[in-house]
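Just so you know, the protein sequences line up as chains R and P, in that order. Counting from 2, one number per residue, gives the positions in the first sequence under the numbering used here. Counting from 7, one number per residue, gives the positions in the second sequence under the numbering used here.
The reader is advised that the hints may include incorrect statements.
Partial list, derived from the structure: chain R residues whose beta carbon lies under 10 Å from chain P [said to hold, decoys possible]:
hint	residue
1	T186
2	N193
3	Q203
4	L219
Quick caveat, the hints were computed from the structure, so don't treat them as lab data. Beta carbons are placed, not taken as given, at the ideal position from N, Cα and C, and that holds for glycine.
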Amino acid sequence: MLSEAVPPDEILWEAEAGLFASSDMREKPPMNLKVPAALVDMAQSVACHRDPTRWGLLYRILWRVTRGGEKHLPGIATDPDIAKARLLEKAVRREIHKMHAFVRFRLIDTDAETGRERYAAWFEPDHFIVEAGAPFFKKRFANMDWSIFTPKGCAHWNGTRLTFTPGLAENPIDSPDALEAAWLTYYRSIFNPARLKVKMMQTEMPKRYWKNLPEAELIAELIETSQHRVNGMLAEETRPVKPRPQNAYLDKLRDMSAEEAP
Amino acid sequence: MELESKLAILADAAKYDASCASSGAVRGNSLGGKGVGSTGGAGICHSYAPDGRCISLLKVLLTNLCIYDCHYCINRRSSNVRRAAFTAEEVVKLTLDFYKRNYIEGLFLSSGIIRNADHTMEMVIAVARTLRETYDFRGYIHLKTIPEASPELIEIAARYADRISINLELPTQKSLDILAPEKNINRTRHAMGRIRIKLDEAHERRKNGDKKLRHATGQSTQVIVGADASTDADFLARSDDLYGNFKMRRVYYSAFSPIPEPSSVLPLKAPPLVREHRLYQADWLMRFYGFKTSEILTPETPNLDLDLDPKLAWALRNRQDFPVDVQTASRENLLRVPGLGVRNVDRILHIRRFGKIRLADLIRLRISLKKVQPFLITVDHNPSALLLDSDRLRARFLPKPQQLDLFAPHEIR
Numbered sequence: 002m003l004s005e006a007v008p009p010d011e012i013l014w015e016a017e018a019g020l021f022a023s024s025d026m027r028e029k030p031p032m033n034l035k036v037p038a039a040l041v042d043m044a045q046s047v048a049c050h051r052d053p054t055r056w057g058l059l060y061r062i063l064w065r066v067t068r069g070g071e072k073h074l075p076g077i078a079t080d081p082d083i084a085k086a087r088l089l090e091k092a093v094r095r096e097i098h099k100m101h102a103f104v105r106f107r108l109i110d111t112d113a114e115t116g117r118e119r120y121a122a123w124f125e126p127d128h129f130i131v132e133a134g135a136p137f138f139k140k141r142f143a144n145m146d147w148s149i150f151t152p153k154g155c156a157h158w159n160g161t162r163l164t165f166t167p168g169l170a171e172n173p174i175d176s177p178d179a180l181e182a183a184w185l186t187y188y189r190s191i192f193n194p195a196r197l198k199v200k201m202m203q204t205e206m207p208k209r210y211w212k213n214l215p216e217a218e219l220i221a222e223l224i225e226t227s228q229h230r231v232n233g234m235l236a237e238e239t240r241p242v243k244p245r246p247q248n249a250y251l252d253k254l255r256d257m258s259a260e261e262a263p
Numbered sequence: 007m008e009l010e011s012k013l014a015i016l017a018d019a020a021k022y023d024a025s026c027a028s029s030g031a032v033r034g035n036s037l038g039g040k041g042v043g044s045t046g047g048a049g050i051c052h053s054y055a056p057d058g059r060c061i062s063l064l065k066v067l068l069t070n071l072c073i074y075d076c077h078y079c080i081n082r083r084s085s086n087v088r089r090a091a092f093t094a095e096e097v098v099k100l101t102l103d104f105y106k107r108n109y110i111e112g113l114f115l116s117s118g119i120i121r122n123a124d125h126t127m128e129m130v131i132a133v134a135r136t137l138r139e140t141y142d143f144r145g146y147i148h149l150k151t152i153p154e155a156s157p158e159l160i161e162i163a164a165r166y167a168d169r170i171s172i173n174l175e176l177p178t179q180k181s182l183d184i185l186a187p188e189k190n191i192n193r194t195r196h197a198m199g200r201i202r203i204k205l206d207e208a209h210e211r212r213k214n215g216d217k218k219l220r221h222a223t224g225q226s227t228q229v230i231v232g233a234d235a236s237t238d239a240d241f242l243a244r245s246d247d248l249y250g251n252f253k254m255r256r257v258y259y260s261a262f263s264p265i266p267e268p269s270s271v272l273p274l275k276a277p278p279l280v281r282e283h284r285l286y287q288a289d290w291l292m293r294f295y296g297f298k299t300s301e302i303l304t305p306e307t308p309n310l311d312l313d314l315d316p317k318l319a320w321a322l323r324n325r326q327d328f329p330v331d332v333q334t335a336s337r338e339n340l341l342r343v344p345g346l347g348v349r350n351v352d353r354i355l356h357i358r359r360f361g362k363i364r365l366a367d368l369i370r371l372r373i374s375l376k377k378v379q380p381f382l383i384t385v386d387h388n389p390s391a392l393l394l395d396s397d398r399l400r401a402r403f404l405p406k407p408q409q410l411d412l413f414a415p416h417e418i419r
């Protein structure tokens, strides 16, 4: 459309299906176009957003840059179109980051002959980020087989190829993982009840992710019991200092410090 | 003892260490290897506990047995806390099992001092060595080291780890003498100096083509705030020393909080958490905003204002420098405007080449007008001299009490 000089306000952008395959939009623009690399980066992220107005927005920006002579536009963060696009881009990047953080694999089985393990996870992203987020897992877990199932597409790795399949409506994994108990023990123990900052936790780990995080089931209990635990610590009688034990190493440390003292 | 009981004790014992970073390692991944793991780029926080702290690494002690008697520490020899010890193989297996489920970025391993520094260091190194050499683990490893351990052992630790650290814990020897009698600030600083040299050497080798070199890329440390009489000026002066002389990646400030098994030597009352937050903000101002310690704190006021962030407090003390013009002010001066962060300053510098900046533009950059307006001139706004001169300016910024501790520890605008 750009090559035929169709102005942005003459296009009605409807539901994405049927307009063009979404992959067309994520590839690099046609050869005869020169756009700043920063714009391509931004557009790739914006294209993953679920906001239905994203195509119209991207086309308008592209139009302004290529046909409107505004080649500096992508750097003008105060421009309303760029501000909106940056907002969408940020949401997508954040979601990819959260995918890398919050996917929780479960061990499905172990190949009896090779010992190779197969893992699977269920994740529910807001945006279309599975393809953008999957290569990270390939690099990190190259030597195990894994699948990440989501309603917006699934990714699979078998040690040689990363493949993608359509999304699933429901979590297909029904077996729990034996290590989850140890993980919950760790989560419970690393929490410091004397410095409760629930809002801070929720800013970084929004509630919508909790249902797929095994440790989240502990959150309410840890918050509820924290004040009681702190009161218990404050009520404890202080422990006296025990005498220094006979220990050659402690003697040596003391001598070293004494030598340094002025 | 069951493995899970050990995990409960030895994670509980490690939680007072605030260090959580998993960033800054050399880029690497498991493609072409036989194990799991990747590092490089930004770290990942895999979970958050209700204390607002991120969970990025499996943070445990190898054992909480300890011959030292540091009074702020739950693991000191005078404490009656339950004791436990992992075997190296147990920590290795837990790390790998957690890692493969994507719970963590790697391992943070510390230990109580058992027998002596070298013996303890060797035990810690054995875990890292097994992870790297037997299992080809390429995830993140942070090893706590002991200043009195032999330099050779610290060097070995640095070869297996991505980050190593020695906790200073208190900013002056006087405080250490009272609260951590076995620790010595000079020995710690000497060890940090040796580590810095090794880190610099590794950096040079990598720059000269040894791209695959496995070596720690940075060191960090921690100080405990509110356990002794040290002022914020004492802490910031020490941080200046640590960043300047040893190129610390981070100095962590950990507000002393009540612990079970309290020592009779320590204050019962914990300092307000916001003090820790203000120290982080001041630390940021020194490292990224061009502030000198002497500008943030003065001999008359050696402690940070708990009600106002340190940049705003500085601006209120230096009203004669304001307002500045968003269109013409230098980068250095814009960085000193309360409400403007590094990123937005750089955006403004770019945008203003192409046109005039208005208040509406600042809103689009998500800048708080309430905060910047008294200090900034835009083409459609000139703050009244009355406002800047008024004593009510401070009142304008005093927050409602409940907002105080909600901010992230490392964000400043």
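Hint check results:
no., hint, in the structure
1, T186, "5 Å, holds"
2, N193, "5 Å, holds"
3, Q203, "8 Å, holds"
4, L219, "9 Å, holds"
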